[in-house]
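Peer 1: Residues per chain, in single letters:
Number of protein chains: 2
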Amino acid sequence: IMYGQCDHPPDSSSSCNQCPIKHCFLFIFADLLPAKNGEEPTMQFLLEFVEILTNYIRKTFDRSTKVLDFHHPHQLLEGMEGFNLELSDQPESLEQILVDCRDTLKYGVRTGHPRFFNQLSTGLDIVGLAGEWLTSTANTNMFTYEIAPVFVLMEQLTLKKMREIIGWPVGEGDGIFSPGGAISNMYSVMIARYKFFPEVKTKGMAAAPRLVLFTSEHSHYSIKKTSAALGFGTENLILLNTDERGRVIPADLEAKVIEAKQKGYVPMFVNATAGTTVYGAFDPINEIADICEKYNMWLHVDGAWGGGLLMSRKHRHKLNGVERANSVTWNPHKMMGVPLQCSAILVRERGLLQGCNSMCAGYLFQPDKQYDVTYDTGDKAIQCGRHVDIFKFWLMWKAKGTVGFEQHIDKCLDLSAYLYNKIKNREGFEMVFNGEPQHTNVCFWYIPLSLRGLSDGEERRERLHKVAPKIKAMMMESGTTMVGYQPQGDKVNFFRMVISNPAATRSDIDFLVEEIERLGHDL
Amino acid sequence: IMYGQCDHPPDSSSSCNQCPIKHCFLFIFADLLPAKNGEEPTMQFLLEFVEILTNYIRKTFDRSTKVLDFHHPHQLLEGMEGFNLELSDQPESLEQILVDCRDTLKYGVRTGHPRFFNQLSTGLDIVGLAGEWLTSTANTNMFTYEIAPVFVLMEQLTLKKMREIIGWPVGEGDGIFSPGGAISNMYSVMIARYKFFPEVKTKGMAAAPRLVLFTSEHSHYSIKKTSAALGFGTENLILLNTDERGRVIPADLEAKVIEAKQKGYVPMFVNATAGTTVYGAFDPINEIADICEKYNMWLHVDGAWGGGLLMSRKHRHKLNGVERANSVTWNPHKMMGVPLQCSAILVRERGLLQGCNSMCAGYLFQPDKQYDVTYDTGDKAIQCGRHVDIFKFWLMWKAKGTVGFEQHIDKCLDLSAYLYNKIKNREGFEMVFNGEPQHTNVCFWYIPLSLRGLSDGEERRERLHKVAPKIKAMMMESGTTMVGYQPQGDKVNFFRMVISNPAATRSDIDFLVEEIERLGHDL
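Those sequence lines, one after another, are chains W and L. Numbering follows the numbering used here, with no gaps: position 322 of the first sequence is 322. Numbering follows the numbering used here, with no gaps: position 414 of the second sequence is 414.
You may find that some hints are simply not true.
[Stated by the list, open to error] Only some residues are given here: those of chain W computed to face chain L with a beta carbon under 8 Å:
hint	residue
1	L33
2	P73
3	P114
4	N141
5	K203
6	Y221
7	A228
8	F232
9	G233
10	F391
These are calculated hints, taken from the structure and not from any lab test. Using N, Cα and C, we set each Cβ at its ideal position, and we do this for glycine too.
Please build the complete structure, drawing on both the sequences and the hints.
Peer 2: Written out as structure tokens, the structure is:
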């Protein structure tokens, strides 16, 4: 039944009682709040709207629905069954707005579906979702206590808790939630530079010697983006060699530090990754910390992906030494299942964030306010307005407790071990590296029948490189599941399975494996 | 009535029918999705939760409710009537989660209240709110078409529309939504540097001569933050003098450009503000553009606050010349009433954003995907994951049409003219600058009776400086309304009234004026 197809005159009820159409939207003739008498139409609109959302949520968790209904850009741009993306001068009716909303969801991707494994951020936590709905209803801004008293305090308490979990004494230090891991990593480099060369803030990079940064060749590309953006230059970001599991080789770091010093450059910053994007590798933090201390360099731990493992007594040893870091990136929106966006940058030394970023704008941060203005956070940030990312996380923590996050993480890692054990000796599957994964990343090739007899060589490599993209394309066309692939170094395209979705079970892992076999067998 | 106070055994209904307590939460004994049989409790939880939100929305627009219920940080931290902000190891019940949500709203600030004037972002647009609820339900990420097909296309079409409105030929150019105006302004400086000195990306600032940037002394502090962050140094950001209305004096820009060149520095970037934060001033873009062209400098227009006026045929002349800018910041979350966060950086020359920021991460942006990967936006951004900020804006545009935004903007500017005319000759009020405001900013002092006889001098200045903070403190304690204050240059604390709230009417303006008089009369 289409909405609003009856044209009987409006009456006081929200359903038409003159014709058989359910939910006939008579209220479309009225205006929403703040219009006069807008309260009733507003409540009706929101309730109808929530019905669309709850239907979507119900289907998201239903394995008989597709993960996505794929269309090419030109198809969506041409307008699918009346779904017109173009904006116009004149308003649309509220009934059409509701149709637009349903279409938007229809042609999107169900990232909470139990078989969506495409990204580090997956899943749909109901309490987190409720938290985000409340956040947008409160529609405020984190820069001052004045307009976000509760959220500012929640942020402060949650950051302290995270620092305690990292292991800094009595949770001391500082931190802030930022719009994502890339910006959090950017903060770490900015603060490190401010710590060693504070005059760069006023005089620019000309006031510092040639500074070099170090990070793994497997690390996230945001470190490279940051070295370009902040004026270091990507050539001054030195990539470190890794072992076969994608972990930094500490000796390589020390050799490259010495080499840089011999050239007269100043080694300033080392990024150790806790959970690399593709392999899920954890760099050996303690050994790296030893070198950082020896050569007086800032140690940042990018735990955007792996930070969540700190919540698990079973797995947190993989981040041993994290308490020696000067700063840590940790994205609850990845492994902890918090809705997007939720990323924290945590700093061991108090005052640096403020010192680095404060510009003391008098119109925003008045020292003569009636409350303790040390609670205002705006002058620590590179942003001015800052979205409230804390509430959904705080609410999930309340609802799950620390133990709930631990259970979630242990379960995801169990599932990835299950997948690893299932395919490591299975015909047609080949692991990209040996041994049980450190994180939930399981990296593998699927070898179609036609390639199984081929000996290793250029031809096999070329043909294998095309397999994952082909299977992925078919997967998306059929809409049954989604998993990522990519090349890495000299390794041709392989699948990278990641599990952060709380809805996933062993049966979904089984499904994925069988689906890859079904689609790829005869390639 | 408190939730969950009855302990009758659960049955299939959501309300207890054994005791007089309404909404007895029997479903708290079950688990939410993705738990087995979680569907019914999930739907019940969300419906109860939405009731909390709709009650809040209803009250937000009700003038008989307070704007806020102020408490000091220590009071909230100690726990108000059982509202405990601390996180714990064990989970809370869902009934307690709902109580926490109501408390969070209770002790917050109603930024959509018709008498909330404290920030550039005010108001609560119902369709925009619905858009944000849908966004968080879809919970996806803007970096690839693959996982955000509809949102990526909406962003593309909306940015094109915005460029057309700016006046770039056939809407050509580029752009991206960023987490806020400060980050958008940061993009503009990065892109300008890449345009003139692309080698900085790889070699760092050492590869460029000493570069200088120019902006008004009244401009937003994010320009200063950016000059520190990107490695220019705040000393290389040269502040321009303004006239008494806060507008840049073009001759001062030219003089300072010449002076910088004489010192051997390279003038690279000029920021013209369209709508300054405090005075709401519009810098004369055409005259500044002439100078930028003459000296080959990048012209950025920071229209974070004033960009919305481009939607109004009556007021867009204030941005005359904006089509000559190389880049424009425009925040729909300010003057256009879109929920936070929604900020765009628009760039006239195509390819620069990509050239400046691309790092070609193979694991994210695979050229061998089955769709046209030019739609992937991630490599243009300094972020990796990027929140979907477009949908709520797109949906509001659909619901209002271009004409709806125009009406909103014209109405807000009419209201500010009403306020200006009401107080310009009113006893006890003194304007900070003469003449009708260019934007909705109305800046004024309130002079208590005890100061009215005093002649201008140090004593009067000192005492007047304390008036606005005192009135503001009383305002917040009584919770009746909120408006900002600040000093500016040599001017002591004054009120800055801004109107972007669609719910505000003349009666609310009257109320504010009378409230200031009531609270401040006897100071």
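Peer 1: Indicate, hint by hint, whether the structure satisfies it.
Peer 2: Here is how each hint holds up against the structure:
no.	hint	verdict
1	L33	holds (5 Å)
2	P73	holds (5 Å)
3	P114	holds (7 Å)
4	N141	holds (6 Å)
5	K203	holds (4 Å)
6	Y221	holds (4 Å)
7	A228	holds (5 Å)
8	F232	holds (5 Å)
9	G233	holds (3 Å)
10	F391	holds (7 Å)
This entry satisfies every hint, going by the numbered hints stated previously.
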